[in-house]
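Participant: Position in the sequence shown (from 1) plus 35 gives the number in our numbering.
Do not rely on the hints blindly, as some may be mistaken.
Unchecked claim - Pair ranges (Cβ atoms, derived):
hint : residue 1 : residue 2 : range
1    : 75        : 104       : 29 to 37 Å
2    : 76        : 52        : 36 to 44 Å
3    : 104       : 79        : 34 to 42 Å
4    : 43        : 64        : 13 to 21 Å
5    : 77        : 44        : 17 to 25 Å
6    : 103       : 79        : 17 to 25 Å
7    : 104       : 83        : 31 to 39 Å
8    : 95        : 75        : 31 to 39 Å
9    : 49        : 78        : 19 to 27 Å
10   : 81        : 56        : 14 to 22 Å
11   : 105       : 78        : 40 to 48 Å
FYI, nobody ran anything at the bench for these hints, they're computed from the structure.
Ideal Cβ positions, reconstructed from N, Cα and C, are used throughout, including at glycine.
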Amino acid sequence: MGRKNHAIVAAFPVEESDDLMLISDQGQTIRVPVSGISVQGRAAQGVTVFRVDGNERVVSVERIEEVAENGD
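Work out the full structure: start from the sequences and follow the hints.
Facilitator: What follows is the structure, encoded as structure tokens:
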């Protein structure tokens with residue numbers, strides 16, 4: 036469990052050039068560049084990436100890899 040008893044929705048390795056897509060149970064969607072998320076030390080309690088209202092919850096997180104402009 037995370038800070039204030041919030042469950043961790045996802046954890047996976049990412050690259051600095053990736054984006055994350057987060058979706059709430061109310062259909063709210065946000066796309067965030069990984070480079071905009073601060074790195075925390077082991078003792079930290081985490082970072083809020085997507086703040087939702089009341090009983091709304093983040094239900095899905097996906098990694099969106101950077102696509103090379105030449106198609107590779």
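Participant: Does each hint hold? Answer for all of them.
Facilitator: Hints, one by one, checked against the model:
no.	hint	verdict
1	75 x 104: 29 to 37 Å	holds, 32 Å
2	76 x 52: 36 to 44 Å	violated, 23 Å
3	104 x 79: 34 to 42 Å	holds, 35 Å
4	43 x 64: 13 to 21 Å	holds, 19 Å
5	77 x 44: 17 to 25 Å	holds, 20 Å
6	103 x 79: 17 to 25 Å	violated, 33 Å
7	104 x 83: 31 to 39 Å	holds, 32 Å
8	95 x 75: 31 to 39 Å	violated, 22 Å
9	49 x 78: 19 to 27 Å	holds, 21 Å
10	81 x 56: 14 to 22 Å	holds, 19 Å
11	105 x 78: 40 to 48 Å	holds, 42 Å
Violated hints, listed in ascending order, are 2, 6, 8; each of the other numbered hints is respected by the structure.
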